[in-house]
Structures are given as structure tokens and as C-alpha cells.
Amino acid sequence: MKDAKAGRECDIKVFSCPKLGNSLEEYEDASAHRHTRTQVGMRVAVADGATESSFAKFWAVLLAETYVRSELTGAEFFDRLTPARRLWRRRLSGRPLPWFASEKAEQGAFAAFLGVQIDAHKNRWTALAVGDCCLMQVDNVGKRMRVVETFPLQKSSQFTMSPYLIGSKSNDESLNERIQISKGDLRDGDMLLLATDAVAAWLLKQHEDGRPLWKWLYRKLGTPGSFAAMVAYGRQHGLRNDDYTLVRVIHHDSRVEAKES
Amino acid sequence: MPYQAEISRKNPGCFVFLIDQSESMEDPFGGGEDGRRKAEELATILNKLIHNLCIRCAKSDSIYDYFHVGVLGYSEDSCKPALGGELSGRPLVPISELAIKPLRIEERMKKADDGAGGVVEQTVKFPVWFDPYWKGGTPMCAALKEATGIVETWCQEHSKGFPPIVINITDGEATDGDLVAEARKLTAVGCDDGSVLLFNIHLSSTAGPSIELPSSGSKLPDQHAKQLFEASSRLTPFMVARANELGMSAAENSRGFIFNAQPLHVIHFLDIGTRPANVHLR
Numbered sequence: 000m001k002d003a004k005a006g007r008e009c010d011i012k013v014f015s016c017p018k019l020g021n022s023l024e025e026y027e028d029a030s031a032h033r034h035t036r037t038q039v040g041m042r043v044a045v046a047d048g049a050t051e052s053s054f055a056k057f058w059a060v061l062l063a064e065t066y067v068r069s070e071l072t073g074a075e076f077f078d079r080l081t082p083a084r085r086l087w088r089r090r091l092s093g094r095p096l097p098w099f100a101s102e103k104a105e106q107g108a109f110a111a112f113l114g115v116q117i118d119a120h121k122n123r124w125t126a127l128a129v130g131d132c133c134l135m136q137v138d139n140v141g142k143r144m145r146v147v148e149t150f151p152l153q154k155s156s157q158f159t160m161s162p163y164l165i166g167s168k169s170n171d172e173s174l175n176e177r178i179q180i181s182k183g184d185l186r187d188g189d190m191l192l193l194a195t196d197a198v199a200a201w202l203l204k205q206h207e208d209g210r211p212l213w214k215w216l217y218r219k220l221g222t223p224g225s226f227a228a229m230v231a232y233g234r235q236h237g238l239r240n241d242d243y244t245l246v247r248v249i250h251h252d253s254r255v256e257a258k259e260s
Numbered sequence: 000m001p002y003q004a005e006i007s008r009k010n011p012g013c014f015v016f017l018i019d020q021s022e023s024m025e026d027p028f029g030g031g032e033d034g035r036r037k038a039e040e041l042a043t044i045l046n047k048l049i050h051n052l053c054i055r056c057a058k059s060d061s062i063y064d065y066f067h068v069g070v071l072g073y074s075e076d077s078c079k080p081a082l083g084g085e086l087s088g089r090p091l092v093p094i095s096e097l098a099i100k101p102l103r104i105e106e107r108m109k110k111a112d113d114g115a116g117g118v119v120e121q122t123v124k125f126p127v128w129f130d131p132y133w134k135g136g137t138p139m140c141a142a143l144k145e146a147t148g149i150v151e152t153w154c155q156e157h158s159k160g161f162p163p164i165v166i167n168i169t170d171g172e173a174t175d176g177d178l179v180a181e182a183r184k185l186t187a188v189g190c191d192d193g194s195v196l197l198f199n200i201h202l203s204s205t206a207g208p209s210i211e212l213p214s215s216g217s218k219l220p221d222q223h224a225k226q227l228f229e230a231s232s233r234l235t236p237f238m239v240a241r242a243n244e245l246g247m248s249a250a251e252n253s254r255g256f257i258f259n260a261q262p263l264h265v266i267h268f269l270d271i272g273t274r275p276a277n278v279h280l281r
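Just so you know, the protein sequences line up as chains L and R, in that order. So in numbering that gives the first Met the number 0, the last one in the first sequence is 260, and the numbering has no gaps at all. So in numbering that gives the first Met the number 0, the last one in the second sequence is 281, and the numbering has no gaps at all.
Just so you know, the hints here were simulated from the structure itself, not pulled from any lab data. There may be inaccurate statements among the hints.
Unchecked claim - List time: in silico DMTMM-like cross-link candidates among lysine to aspartate or glutamate, alpha-carbon distance up to 25 Å:
1) L:Lys168 to R:Asp113
2) R:Lys47 to L:Glu25
3) R:Lys9 to L:Glu24
4) R:Lys110 to L:Glu105
5) L:Lys56 to R:Asp270
6) R:Lys9 to L:Glu25
7) L:Lys204 to R:Asp192
8) R:Lys109 to L:Asp171
9) L:Lys204 to R:Glu244
10) L:Lys18 to R:Asp191
11) L:Lys154 to R:Asp270
12) L:Lys56 to R:Asp64
13) L:Lys168 to R:Glu5
14) R:Lys110 to L:Glu207
15) R:Lys100 to L:Glu105
16) R:Lys100 to L:Glu102
17) R:Lys109 to L:Glu24
18) R:Lys109 to L:Glu172
19) L:Lys56 to R:Asp191
20) L:Lys204 to R:Glu5
21) L:Lys154 to R:Glu244
22) R:Lys124 to L:Glu24
23) R:Lys109 to L:Glu105
24) R:Lys110 to L:Glu64
25) L:Lys18 to R:Asp192
26) L:Lys18 to R:Asp270
27) L:Lys18 to R:Glu5
28) L:Lys154 to R:Glu251
29) L:Lys18 to R:Asp113
30) L:Lys56 to R:Asp60
31) L:Lys168 to R:Asp60
32) R:Lys159 to L:Glu25
33) L:Lys18 to R:Glu156
34) L:Lys18 to R:Asp60
Unchecked claim - Below, a sample of chain L positions facing chain R; criterion: calculated Cβ distance under 7 Å:
35) Phe54
36) Phe77
37) Ser225
Just so you know, even glycine gets a beta-carbon here, dropped at the ideal spot from N, CA and C.
Starting from the given sequences, assemble the full structure and let the hints guide the process.
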């Protein structure tokens, strides 16, 4: 678990866990977060390397890191992946591979991607996604926390085993149709959850079935142990075996805090 | 619900291919327009299926044993393991071993996009596990019996795993008994997650449109095809969804039967994790 405070505006915690039966080295998700260059916000990304592609972990890391180091929030981000792709190719070059590994690497690696920029002064977020990593925004108003937004997927039934993903070789022609962008407002205390597909699908299903975990995630999720407990509970209650990554961001309106202090 | 077991290295899937090597496989394929024999078409299909399975399971610089694969050939009056070379005589082989032990690896030229709107020729490795062969009758019932024994053992050893899939590739005429009755015995075998599935790939000498995953046998051209359809298992709901994702037309009652078409998509009917929709199958 990694913690971060973006000034006083964002409380960020990152939780992750490899697929049951796999080693930590085989975990193929990635996440990254970083201040925006103007220091008035944060950029947060999660990426999910596809099981059925090779060297996918490295590609997922490159996507997440490239996003948080960039300033772009729109589709043009995907036109600036040339250095990341060069790094991915360089990792493979000169490496002797058996025929099947070489042919698989030739297809490239693939990953789902979600990047979110949080503008702490304007209390806004902008999200960019390809694939099935999901953003869920939940407010902290009233007894039952309300789901304000889920992006790019809205229902657990929309997750499939064959999403369109970002490739490490080049953008293909249909990428532009697959890029999704959304924006939203933030209120003091709002929680943003960025999750890879299995966790996102399960959290949405729990919500749909009237057993939402939002309050627990907001108030109780804090340590690797509590995340492990959630995963253990989930595996007994429909959480698909996969790599899991969940980034929780709690937004604090700096103007509210300024008044309080 | 059946057919939900996760396929992993700990709980691998199992494919058993039954290969018709009878004399009739010498006949031309699909009306004979391109001069290919059915036995040659079959060898191409099988080599591509194993090739694609290897690629599916390749992971960075290694290969994960998500599947074990058996190949049984039937001809004359018997059925026996048909893999050659170092794998000779083995009824089931982990995919990692298949990948490193083909009969030979040929180099072939392939046209590829040069990234600038043109086409370049590339040398690609083409592993060969199986060469065309034909002789004698078609003991398909013996092959189904042999496969029944193999999957029974597999299910005992992998009771929590996904049930085996048997894929029979033939021109359709069993010469040793009631094909449908033998198929019923095979698909009566099962593990906790469901019964063994039998798919049939029919390579006919008859020219005509390909038929993939039909729900009814009414449009099939002859009695042999109808019998093979009858012997084929229904697709699971996941398989129907995956087939549609891959551009095949499948419905709730579709059966694992393909007439005069490449069956390469069939190996993608089992889930081993996220498959990028933008990787096009070979």
C-alpha cells in the first residue's frame, strides 16, 4: 500500500494484490499518482495488463507513469505514447526468445487504462479511459453514500473478458472510437475509486444487489490487512480471481479546510 | 452452474483431438477447387490449432501450462496417439512440451503491413507437429472409446477443473459402429464442473457454403454431417458469447459443429484471462 497527500486536498491510498495462485512477480496491473506541474492537483492512473499478452506488466507501468508525468487530459494523450512504446520495444530487443514467445511479443502487449486529473482548486476531475478500468465517484452526504458517477462502465454486466485495450506496438485505426472522456465536479469529502476490472465489477455488483461497500471503503479501508480482508470476503462472494488494484482518493476542498483552520 | 471452473496452471484445461486418417481423407477437400486433399486440410488445421494454443499460453519469455493436449489418429482398424518425434505414444502432453517439441520448424514467407501503407515479406517460424496421412477404414467409434478412457482418467485426476473438450476432425463416415451412441458415452463422462464436451469438425468433399455452430441440423448437406451434428455438444453460455465476440454467429442452442470451415476460433472458447479484443486471430 502507498499513501500520499496532495497538499491538503487529496488523501490517496493504493491497494493491490496478485491473482490467487500467481506470485507477486506475475501481478500485471500498475498504478501511479503524481502532483500536476502546477501543484494544484493530482494525476492518478491505473492500468491492467492483459493476461493473454506478453510483457504486459511493463506496458501497464509505462502507460500509468506516462500519464501522471504528462499534462494532457484528452484523447491526444494516446498520440504521445511513442517514447513509452520505444521503451517497451527496447526491453525486448536483443533478448533471445523461443519461437512462441517471439511470435507473442510480436503482437505487442495490451492494457486497459484509466487516468484521472483532479483539479483541487476548481474542484473538478477529468477522466480518460480505454478498456475496463473503472472510476467510481461516491459522495459523503447523508447516511447512505451516493454514487455520483461511474466511468467508463456503469453496470457490472458491462464487463467482458475481451475488452478493447491499448497496444504497445501502435494505435490501431479503431482506437479513436474507443477513447472515453468524462468530467465531473467534486465536493468536500467525495471519494474517487479507480479500480481494475475485477474489483470494479464486483463493487458495482455489490451496489446493484443492495449491499454497497462504499461506507466501508471510505471509513474502514486503510491498511493492506483491511484490503486483504475485503479480498478474502469478496472471493467468497463473487469476486473473480484476477489481479486487483484499487486506488482510493478522498478529496478535501481546500477552501473548506481554510475556513476551518 | 456448470462450466465455471477457472483454467489455471494448477487446474489446466484439456483438449483431445481425434484425427481421421482413413483412406477417404485422400479425396479432394470442399469440391477440390484448390487441389487440396482433406488429409492436407486436416494437417493444416491441426498444426494451426496447436500453434495458436501455444501462442495463447505464451507469457513473456516462457509458456504457461494452461492446457494439456492429446492427439489420437484413427485409421485402418485402430486408434492410437498420433503425435510424432519425441512425443510419440503419449496420449496427453502439456502445452509447454508441445511448444518445444514439434516434428520440425519450417520457415515460411508471410506478407505483412510495413507500417507505411505497403506490404513487406517476412520470414516466420512455422512449427509442424503433424503430417498428412491416410490409410484404410474409419474406426471413429474406436477413437471415441479411446478418448473416453483418456478423459475419464483426466476427470478423476482433475475433478475440480474445467471438463475436457474433445475435438473430432473427420470427413464423417464411421465404419465401425454407431457414432452417436459412442459420442453419448463420451459426453456422459464428467467432473464436478460438468460433462465432457465433444465438438466435430466436418471436412467434406462436397462443395458448398461453410456452416459454423448451427442450432439445427436441417441445413446440413448429407446424412454424415447430420449425424456428426447430432453427436456434438451444445456450447456453454460463455462459448456462445465468445463466439459472437469473435465474429461467429452463435445462438443459445448452437452446437460445437463446423462444416468445411477453419475451426481456429474454437480454442478461444475457453477463458484463461483477459483477451484483447483488438488482437486479430490468425
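When you check the alpha-carbon spacing of Lys18 (chain L) and Asp192 (chain R), does it fall within 25 Å? holds (21 Å)
Given hint Glu5 (chain R) paired with Lys204 (chain L) - CA-CA distance at most 25 Å: Holds, because 20 Å separates the two Cα atoms, which is no more than 25 Å.
With a cut-off of 25 Å on the C-alpha distance, tell me whether Lys18 (chain L) and Asp60 (chain R) pass. holds (20 Å)
For the pair supplied as a hint, Lys168 (chain L) and Asp113 (chain R), confirm whether the alpha-carbon distance does not exceed 25 Å. Holds, at roughly 13 Å.
Given the hint that Lys110 (chain R) pairs with Glu64 (chain L), test it: the Cα-Cα distance must not exceed 25 Å. The hint is violated at about 35 Å.
Against the 25 Å threshold, does the CA-CA distance of Lys18 (chain L) and Glu5 (chain R) hold or violate the hint? holds (12 Å)
Pairwise hint evaluation, Asp191 (chain R) against Lys18 (chain L), where the allowed Cα distance is 25 Å at most: The hint holds at about 23 Å.
Restraint status (C-alpha distance of Lys47 (chain R) to Glu25 (chain L) at most 25 Å): Answer violated: Lys47 (chain R) to Glu25 (chain L) is near 28 Å, above 25 Å.
So if I understand the rule, the pair passes when the alpha-carbon distance is 25 Å or less; does Lys9 (chain R) with Glu25 (chain L) pass? holds (15 Å)
When you check the alpha-carbon spacing of Lys110 (chain R) and Glu105 (chain L), does it fall within 25 Å? Distance ~14 Å between Lys110 (chain R) and Glu105 (chain L) Cα, so the pair holds.
Holds or violated: Lys109 (chain R) and Asp171 (chain L), Cα atoms, limit 25 Å. holds (20 Å)
Would you check the hint for Lys18 (chain L) and Glu156 (chain R), treating anything up to 25 Å between C-alpha atoms as holding? Measuring from Cα to Cα gives roughly 24 Å; hence the hint holds.
Figure legend: structure checked against the earlier numbered hints; hints not met, in rising order: 2, 13, 14, 17, 19, 22, 24, 29, 36, 37.
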